[in-house]
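Asks: Please model the entire structure based on the sequences and the hints provided.
Single-letter residue listing:
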Amino acid sequence: MPVTPVYIICSPRPLVGKTLVARLLSEFLLLKNGTVNSFDINLKEPSLLDYLPRTTETADVIDTYGKMQLMDRLIVDDGIAKVIDLGFHAFDEFFKMTGEIGFLKEAARRHVAPVILFVADLDRVSARAYPMLQQQIPANALITIDNEYVVRGELPAAMEVGRVLRISALPTFLKTYIDRLSFSFTGYLRNERDSSTELHQWIRRNYSNFRDLELSLLLLGS
Amino acid sequence: MFAPKAGDGDLPIAPAVGGAVQGNSMAKPVVIVVGADKGGVGKTTVSRTLLDYFSANNVPTRAFDTESPRGTLMRFHPDITEIVDMTTTSDQMKIFDTLNAASPSVTVIDVRAGLLSPALASLRDIGFLDAAKSGQITFAVFHILGPSIASLDEIAETANFMVGAKYFLVKNFINDTQFFQWDQATYNSYFHRIKDATELTIPKLNEMAYEQVEVSSVPFLKFVANKGKDDEAANYSFVLRGYVRHWLANVWSEFDRIKLTDLVGSGKPITRGGEK
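From first to last, the protein sequence lines are chains A and B. Using our numbering, read the first sequence as starting at 1 and increasing by one per residue. Using our numbering, read the second sequence as starting at 223 and increasing by one per residue.
Just so you know, not all the hints are guaranteed correct.
Far from chain A by the CB rule (all over 10 Å, computed), these chain B residues [unchecked claim]: (1) Lys260; (2) Val306; (3) Asp307; (4) Asp313; (5) Lys316; (6) Glu454; (7) Gly487; (8) Gly489.
Chain A residues, not near chain B, derived (Cβ > 12 Å throughout) [to be verified]: (9) Asn33; (10) Leu43; (11) Leu49; (12) Asp50; (13) Pro53; (14) Thr58; (15) Asp146; (16) Pro156; (17) Leu170; (18) Leu174; (19) Asp179; (20) Ser182; (21) Gln201; (22) Trp202.
With a straight-line Cα cutoff of 27 Å, these simulated DSSO-like cross-link-like pairs (lysine-lysine) come out [unchecked claim]: (23) B:Lys451 x A:Lys105; (24) B:Lys449 x A:Lys105; (25) B:Lys426 x A:Lys105.
Bear in mind the hints are in silico, worked out from the structure with no lab data behind them. Quick caveat, the model's predicted, so the values are computed rather than measured. C-beta: ideal position from N, C-alpha, C; glycine also.
Replies: This is the structure:
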């Protein structure tokens, strides 16, 4: 029986593309599985809720009640993939809490598979945050997102050691296009007949990467 | 997806909760008094962690709750707890005349607020403290301190009775107090006044987690194991259970540090998940 995946997209830095990855992944899972539960833990950044209001709900980790509301749902093995868009302001508190309550160990017991997608940046805050995650998260559950739009050039060597998922940069006009609240990646694939367009191929490439990620989960869960 | 790393949230699992366990019947009796003259500092909470710790370490234990007629400790550990009025001779007999006869080798007494000094005076009067001094009985006092000078003032008063006893000064962090550590002169004048006292730190437990255990009226161990009063499956929040598990592991690591199992004559503590 396949595990229930919980994708946590995170960075201690704002504006590195977390919500973009969360949108892409949510739409991919919705297309593939017909269902997804996305959680928006953002107060100060562009919000996943604005893009995918039908499948997204807000959550917070400011107080214990908020943590209960969120984590008690993430730990359920209901077969529905979860996507967490974790705002930079909640990064420290979230991982402090998951360490304290033994989230990873309990998830393994309950057939739930957290996957941490760390969106890399070149600054010192990110450089400090990554080893903290390495300490808490097993290597095969910690994936670095190399967003070419943010990391122009090589990733820091420390972040290259594990699995890396690359997202190529789009030209500015296409970036503006996909940033519109009404834009849907899956909708574009369905409606745009010319599959040779740059955006078409960019979306397909990212969806393929996510499919590979899902397959690796299936293999490990079997 | 992965095998979790060691030490990221192991349960401090007990092999038996509240049930009868076998111990060393030849061991000399151990009496642990948990008290403070000030109220609301967490005496019963510490008593509960002690009972859970002994249960997890297979140390047969009985408890007396002196909050007569209603006992808080009794509510959480009804199987091994009896409510007594320590000011009456009959109940004093019930506790101390049965020390050698009773099968559990460890007796935990949760002394209600304001009764610690009178209780110790009574123990002195009946010759109990002399018996401890001569090594016939192992006697330990967990003196729970609150974040106030009044609470610290009790130290000197209580220390007068501590000859022959193991004296533990328990800094119970019921809030974000510093116990005057920011003022070294004040801190030293209280905590370094008693030569043989051992300091113990009980960290703060998340408020909602504490309240949820209160509502559930079960031992901390049962709460962590997601069980109800009669061992039936419960549905406590995973987050709150996680907070309690983490906190309890930290409290027990303090008990391990002071070698509490050695004190009660049961050897090394059982191996548990390493959560510090």
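Asks: For every hint, state whether the structure bears it out.
Replies: Here's how the hints hold up against the structure:
no. : hint                : result
1   : Lys260              : holds, 27 Å
2   : Val306              : holds, 36 Å
3   : Asp307              : holds, 38 Å
4   : Asp313              : holds, 40 Å
5   : Lys316              : holds, 41 Å
6   : Glu454              : holds, 20 Å
7   : Gly487              : holds, 32 Å
8   : Gly489              : holds, 28 Å
9   : Asn33               : holds, 17 Å
10  : Leu43               : holds, 20 Å
11  : Leu49               : holds, 22 Å
12  : Asp50               : holds, 27 Å
13  : Pro53               : holds, 26 Å
14  : Thr58               : holds, 17 Å
15  : Asp146              : holds, 21 Å
16  : Pro156              : holds, 23 Å
17  : Leu170              : holds, 30 Å
18  : Leu174              : holds, 33 Å
19  : Asp179              : holds, 32 Å
20  : Ser182              : holds, 35 Å
21  : Gln201              : holds, 29 Å
22  : Trp202              : holds, 27 Å
23  : B:Lys451 x A:Lys105 : holds, 26 Å
24  : B:Lys449 x A:Lys105 : holds, 19 Å
25  : B:Lys426 x A:Lys105 : holds, 23 Å
This entry satisfies every hint, going by the numbered hints stated previously.
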